[in-house]
Amino acid sequence: MAQLLREFYELCEGGVCQDLLTESEKRFVKEGGMMLTGKLQEADVQNGNGRVYPRGIMEREVKRYAQIVEDNRALGELDHPDSSIINLANVSHMITEVWMDNASVMGKCKVLNTPSGQILRALVESGVKIGISSRGMGSVTEQMGKTIVEDDFQLICFDIVSEPSTPNAFMGLSESQLMNEQVEKTNKVLNLINSILED
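Take the sequence shown: its letter number 139 is residue 139 in the working numbering, and every next letter is one higher.
Treat the hints with care, as some may be off.
To be verified - Restraint ranges, calculated between C-beta atoms of paired labels, are given here:
#1 Asn90 - Glu142: 25 to 35 angstroms
#2 Asp71 - Glu142: 13 to 23 angstroms
#3 Asp71 - Lys146: 13 to 23 angstroms
#4 Gly50 - Asp152: 16 to 26 angstroms
#5 Gly32 - Thr141: 17 to 27 angstroms
#6 Gly56 - Ser126: 33 to 43 angstroms
#7 Gln154 - Asn72: 31 to 41 angstroms
#8 Gly50 - Thr22: 32 to 42 angstroms
#9 Gly32 - Gly56: 32 to 42 angstroms
#10 Pro54 - Ala89: 32 to 42 angstroms
These are computed hints drawn from the structure, not numbers from a lab.
All C-beta atoms in this analysis are idealised placements derived from N, C-alpha and C, irrespective of residue type, glycine included.
Whenever a hint applies, use it, and build me the whole structure from the sequences.
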């Protein structure tokens with residue numbers, strides 16, 4: 001019997017992740033937008049919830065979900081609802097790209113200028129450790145002490161959450177965004193010093 005399956009992945013501590021952004025995404029960040037990049041899900045390993053997602057199933061679902069991404073419909077919520085329906089009133093971000101890197105599902109998400117998106121941005125800027133979580137529907141079976149996700153699994157979305165369950169699965173601010181923020185802070189300090197010297 002199909003059930004709601006939710007998995008949690010931890011965002012980067014301090015927001016330091018590999019820079020995966022395109023030039024247009026870097027422009028978006030430079031103009032004040034926020035992008036998060038990193039691991040969204042992982043196949044073939046037992047996660048903190050005791051479930052294993054076979055790689056073939058994840059590859060199929062990522063390929064299907066990539067079409068939703070392409071259509072600008074890959075939305076996610078702030079916190080995890082107990083529903084398979086995405087509540088537009090609580091949407092905080094949009095996945096802009098998703099792909100497989102060996103057994104890891106990698107992705108990028110754009111933080112939206114919605115009420116929930118503004119909360120997410122404030123949390124990230126304040127250094128709060130948050131995670132990303134997949135939400136999907138499917139059946140499971142028990143095999144040799146592991147809970148295996150069945151072939152009927154369907155990926156719904158990725159939500160932003162506070163409680164991760166998978167270690168070493170990181171997502172956070174891109175390096176270019178962190179660099180931009182450092183430059184802005186340095187410029188503010190220099191401007192302050194110059195104004196003191198001028199007085």
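Against the structure, the hints:
1. Under the hint 25 to 35 angstroms, the C-beta atoms of Asn90 and Glu142, about 33 angstroms apart, fit the expected range.
2. A C-beta distance of roughly 36 angstroms is found between Asp71 and Glu142, which places it outside the suggested range of 13 to 23 angstroms.
3. One distance hint, 13 to 23 angstroms for the beta-carbon pair Asp71 and Lys146, is violated here, with the actual separation near 35 angstroms.
4. Remark: the range hint 16 to 26 angstroms for Gly50 to Asp152 is upheld by a beta-carbon distance near 19 angstroms.
5. Hint check: Gly32 to Thr141, Cβ distance near 48 angstroms, so the stated range 17 to 27 angstroms is violated.
6. A hinted range of 33 to 43 angstroms holds for the C-beta pair Gly56 and Ser126, which are about 40 angstroms apart.
7. For Gln154 paired with Asn72, a C-beta distance near 20 angstroms fails the hint of 31 to 41 angstroms.
8. Checked against the hint of 32 to 42 angstroms, the C-beta distance between Gly50 and Thr22 comes to roughly 37 angstroms, which is consistent with it.
9. With their beta carbons about 41 angstroms apart, Gly32 and Gly56 fall inside the hinted range of 32 to 42 angstroms.
10. Hint check: Pro54 to Ala89, Cβ distance near 34 angstroms, so the stated range 32 to 42 angstroms holds.
Figure legend: structure checked against the earlier numbered hints; hints not met, in rising order: 2, 3, 5 and 7.
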